[in-house]
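Sequence order for the protein chains is A and B.
In terms of my numbering, the first sequence opens at residue 1 and continues consecutively.
In terms of my numbering, the second sequence opens at residue 1001 and continues consecutively.
Derived from the structure by calculation, the hints contain no laboratory data.
Warning: the hint list may mix true and false statements.
Claimed, not checked - 27 angstroms max Cα-Cα, derived BS3-like pairs, lysine-lysine:
| # | chain 1 | residue 1 | chain 2 | residue 2 |
| --- | --- | --- | --- | --- |
| 1 | A | K89 | B | K1112 |
| 2 | B | K1059 | A | K46 |
| 3 | B | K1058 | A | K54 |
| 4 | B | K1059 | A | K93 |
| 5 | A | K66 | B | K1152 |
| 6 | B | K1078 | A | K19 |
Stated by the list, open to error - Pulled from the structure, derived: some chain A residues nowhere near chain B, Cβ distances all over 10 angstroms:
| # | residue |
| --- | --- |
| 7 | K66 |
| 8 | L105 |
| 9 | E106 |
| 10 | P118 |
Predicted model, so just to flag it, every value in this text is computed and none were measured.
Built from N, CA and C at the ideal position, the CB exists for glycine as well.
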Amino acid sequence: MYICSDVNRFSMKNSQLYKGSLTTIVMKLLEENGRMYGYEITQKVKEITKGELKITEGALYPALHKLEAEGVLEVEIENVDNRLRKYYKLTEKGTSETINRLAELEEFIKNMQSIVNPKLT
Amino acid sequence: MKLSAEQIERLYQFTRQHYVEYYDLQTELVDHLANAIEEQWQQNPKLSFEEALQIEFKKFGVFGFMDVVEQRQSALNKKYNKLVLNELKTFFSVPKIIGTISAIGIIFYLIKQLQEGFWIVQGMFLALILSYFFGILILIRRNKKRNKQNGKKWLLKEIIFGYSSSAGLINLPIQFAIHLKGENYHDGFLLLFSFLLIVFGLTEYIMLILIPSKAEDFLKETYPEYQISVGSL
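Modelling step: build the complete structure from the supplied sequences, incorporating the hints.
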């Protein structure tokens, strides 16, 4: 009983930690891969993290749409296999924004590391 | 194995059944579901199309596509507000600002001359409000007619043609119209009223005439598929 509730709490916290970084993850992937479509992004994240991190559909598309409305991403449409596919890619503004966000994220990771795992000097 | 054209059509129908009204969102979700179903077939070729679809739909959670639709709406509303603001800004930069300032000056002069008949100022605010409502009604009607012709709904288009959440904007002039009284107002106040009248007037012009007239450009820019779909009809 105890263990079970503990596990639940942990996974909830866990997802919240990742939540704030979702847009940065998406932008980083687009920076590396040029243009991607929604499903491809979910699969790519799964592949890189070996299934540890799964971006849910319900979170990914709102994040993409927000970034698009902010002018960070732009879209292209292509006809693939009987259907229209919507590709996202970084705009010029998005590319410089990505650099900022990644630097911010790295700084965050560094600070967390020194708090969680202080070096004894 | 790839999905057939009929199955893609079934996916469109499925999104409509789950309250996704807008073609732009339908298209994206259809592609997503199609990819996911094809992926499932690779692992389990015996799975039926409907079974695979249900499995994928469950991944969207208890609210289905609702979240995606809602957030898309708020993102595009923001985009629309930005469009209005950008247009408004052009009236406050060279060269249009000359016209804007002169208009404010004229209104200021008129109000000052008509101090005693303050109902005229009230009337101006009221006229702005009424013309706004009429304008929106006309836009909505026109859009409905057009939607009937080609059957596809685009979220940004719905926002541009009357669906806009601009109730807040109209509240302010209503308050002005109600609370203005025929007193001797300070020149500063009169200038403020003139400024607000012009800003409201301009915003109305932008929302009712300018942006709808440029709608095709905005839609093509937001939806690359807009041209494809309209062209194919």
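- Query: Going through the earlier hints one by one, which of them does the structure break, listed in rising order?
  - Reply: 1, 4, 7
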